[in-house]
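> Residues per chain are reported as follows:
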Amino acid sequence: MAKQRNDYENSWFPRLQRWIAQGGTRLSDQMTEELSEASDAHRVLSAEDVARREVEQAVHQLEIQEHEAALYERAHQWGRTKGAKLIRAFYAVLAVLMCVSVIAVLLTTVSNLPSFGGENNPINNEVSQRYIEKGLQETGAVNIVAGMILDYRAFDTLGESHVLFIAACAVMILLRLSDSGDPRQLSRERMEAEANDRLYEPKNDIILQRVAGILVPIIMLFGVYVLFNGHLGPGGGFSGGAVIGAGLILYLNAYGFAATERFFTIKTFRAVSFIALAFYALAKSYSFFCGANHLNSGIGLGTPGDIFSSGLILYLNIAVGMVVACTMYAFYTLFRKGDM
Amino acid sequence: MQLWQNLPFAMILLPLASASLTSILKGKAARRAALTVITLVTLMAAALVIFMQGYGQSYTFMMGHFPAPWGNEIRAGMLEAVTALCFALVMLFSVMGGLRDIEHDILPDRQNLYFVMCELTTAALMAQVFTNDVFTGYVFLEIMTIAACALISARTKGRTLVAATRYMIMNLVGSGLFLLGLTLLYDLTGHLLMSNIQEKIIALSATGKYQQPLTMVIALVTIGLGIKSALFPFHTWVPDAYSSSTPTSSAILSSLISKGYIFLLIKFYYRVFGLREVVNAQVEDVLLVFGAAGAVIGSVLAIRQLDIRRMIAYSSVAQIGYIYMAIGLGTQSGMTAALFQLMAHAICKSLLFIATGGLCAASGEKRGFTSLRGAAYRNPVAGAAFVVGAFSMIGIPFLSGFVVKLAYAEAAVLWGGPRMITVLAVLAISTMLNAIYFGRTVVTLFRLSEEKIAQQQKWHSGPCFAVACAALSLLTFALGLAADPVLAAIRSGLEMFS
Amino acid sequence: MGNLFNNYEEACAIILFGIGFTTLLLHRNMIKKIIGFSMMDSAIYLFLAAKGYIAGRKAPIVVSVSVTALMLALTVRLYRRYHTLDIDEITMQARREEA
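Chains as they are written, first to last, in numbering that gives the first Met the number 0: chain A, 0 to 339; chain B, 0 to 497; chain C, 0 to 98.
Chain A extracted, bound-state conformation:
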């Protein structure tokens, strides 16, 4: 005779049956569900019976909960002591193994690559040759790199400026304190953020203010120079924008938000990045469209070496610089107090 299991309800077949019959799998869900349905169907059960069953049910639930809590506690305890050690050791071994194997595989690859600085390497081909030989003549930019990133391969650069823009938007989604809801709540949040901020920042530091008073104009001027000179010498939008952004951040650190908010708020950020990016996208769209359809774009290259030369490159550099400067400053203020 087969032995009857006393926990037949919990063996796999009835569980499968129950699972097919019902949506959930949690035993407790099912029990309450069944109980209520049963009481619906058989109203003849006496109130006493129902009460007794409910009490039983409650006791059972409590036991399950206690058991689960104990299990959880044990697992957690193990996780905090022995388990953590084990996992950490495992991770360390895994890390070293992986690091070594990745490096080994890649080093093998490097040993098979063309040798460093070789004359006949594949990268010394007609592409780079034309950039170097004809760059000046075709783009009008003395700085070959500027010609390359803003004229030859302008589409990539357009994408890159949008990488910066999208990152600024994403950081704004994450860190900006919300405008909505209770205004009192907002001001409290903001005050807290500013108070937190002040814990780590010296207030009205006289040395910093004096030095910044001298340095900031020079930094700004240098940034503008780099920006406007991008097509003539080393520099350009990305570097010039970074310098201007740094200048703004220094000014903010020395004189506080009260001073910068007079001329730079979130509205300024939005307007500037919109104007710069829209100009950039439209100008480049026009130039792409003309190029692809073999139309004359009507943009002259000017005399190489002049400040107003090399077609759109100067204006594009300015646009990129504005985006970069705004983004740098926005990152800084958003991280510091969640607003601009």
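Just so you know, these hints were derived from the structure itself, not from any lab.
Cut-off 25 Å, straight-line C-alpha distance, at most; resulting in silico cross-link-like pairs (SDA-like, lysine to any residue):
1) Lys31/C to Arg76/C
2) Lys31/C to His82/C
3) Lys365/B to Glu102/B
4) Lys133/A to Gly117/A
5) Lys84/A to Asp85/C
6) Lys31/C to Phe334/A
7) Lys457/B to His103/B
8) Lys208/B to Gln128/A
9) Lys365/B to Val466/B
10) Lys199/B to Ile131/A
11) Lys84/A to Ala94/A
12) Lys266/A to Tyr254/A
13) Lys25/B to Phe273/A
14) Lys31/C to Thr67/C
15) Lys84/A to Arg27/C
16) Lys81/A to Ala94/A
17) Lys156/B to Arg94/C
18) Lys156/B to Asp85/C
19) Lys156/B to Arg175/A
20) Lys208/B to Val104/A
21) Lys133/A to Pro303/A
22) Lys156/B to Thr83/C
23) Lys404/B to Val299/B
24) Lys31/C to Arg158/B
25) Lys199/B to Val278/B
26) Lys266/A to Leu20/B
27) Lys156/B to Tyr81/C
28) Lys266/A to Leu71/C
29) Lys457/B to Arg439/B
30) Lys208/B to Asn2/C
31) Lys25/B to Val271/A
32) Lys199/B to Glu132/A
33) Lys156/B to Ile86/C
34) Lys156/B to Arg309/B
Going by beta-carbon spacing under 10 Å, a handful of chain A positions derived as facing chain B:
35) Val126
36) Gly158
37) Ile165
38) Tyr279
39) Ala280
Quantities reported herein were computed from a predicted structural model and do not represent experimental measurements. From the three backbone atoms N, C-alpha and C, an ideal C-beta is built for every residue, glycine too.
With chain A's structure known, arrange chains B and C on it following the hints.
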């Protein structure tokens, strides 16, 4: 050059340029702007498909005044046009279907930024589809990654932040490997334009030089894009990310962004390495194994879920495994099946996520199966749409999922041998598992006693939701009933591709 | 060994890349992960510089700045909410919160 040939260029630049405009608009206006832009892109994609049919060959489009190895270039063929149309349609209806949830889940002052992300995702997708330059591919891939992170974390809850972080970590690893692969590739060939790289690679394999680094490059690109598109062992971020974000984000992530990476991978295989190189490097076998494992394990994990959105997320993992399995066959028919599955699944998953959004909204924003009982009576539109999506996933005839399975079986039989057996076995097992978990969900949605049906409170998700559900259901039916033109377009597109 | 010693710059870049990669994947501290990512990216620039890479020269740097900012923003939010930088601990707390 004819005027219509500017369409791909406009499809990339329009959403890119309007993104900065949308960022200064208020929530409502931003929404209108985004919907208009995406609709325009969809219309342009449809026009491009029509023109392509008449033109019958692919063409390149110079981005600027300088011809290709020097300047940037994009390229359009039949396959690109059809894929772009599919992506644009899914994007449009995903945004439309989730509008109510976006309003509900995302703080009002951030909604315009959410729509900026949608527009930039559209632009990046179009750029991925049309690019003929590996570096442009990388730049727009990063835009897509950052946009995806913002889409997940736009609904700022603890769970979404954790999901976004895990997503970013995995994706950074993937991007790093992909970029390293591109760097090595540039070192070996000296070019960034896809067609030039391919010429060089053919020359290199003729001489037998640099074969080991080349294999390494193929492996790096495959692993990088595999990680980014949540191929099976790298799927750990998927369930959290898809289940806790707003439905539109889940739909965009699972049906567009991961598909964009896969499309780029197929493009690399055909237009950069050449399918023969890839098969020689035996990357295909690895993809077949991981794809098959993903298809089965994803389905098994889906059965265990109690939360409907986590279940659909795991089903996505399984379907991605499916796509990789077909790529792993390494044949023309396998690629055709993979591309058809890519489109069918993009439409179907978006439909499921949007419909689930409606069902959950009707059940008090709860997502457990016990709370979803009878939800189909509370929100009949969502219920019907979910049934269409679920049946397509199972593979009921007249729906797109059925054609997918047919194409898979055909591709496998053409190949024969152990691969055929693997693919057919996975097909059988996963169909059964799909039937179990989707069947059970559908039963749960409609399971209610007679007298309770009348008592259910009706929930209306608005006209946009209904339009999106209807359109996506119709597309699922269309791909099931009239699959031949689409399959023919994919085949002719693949021929233009290489 | 082929060109390994000849290509010492690339070899250095690759070693850095491997270290950064492992740090990104296997460290549990968010800040260390971000450092790992930065190392990985810098290694790639070093590689590119060694190659005299010209086209698209600035792209990865811009991307790296953006992604680092985004990761740090996520970390700040997570720290404010869970008061720890350990990603495993954070995941565990988030799960408990949901349940």
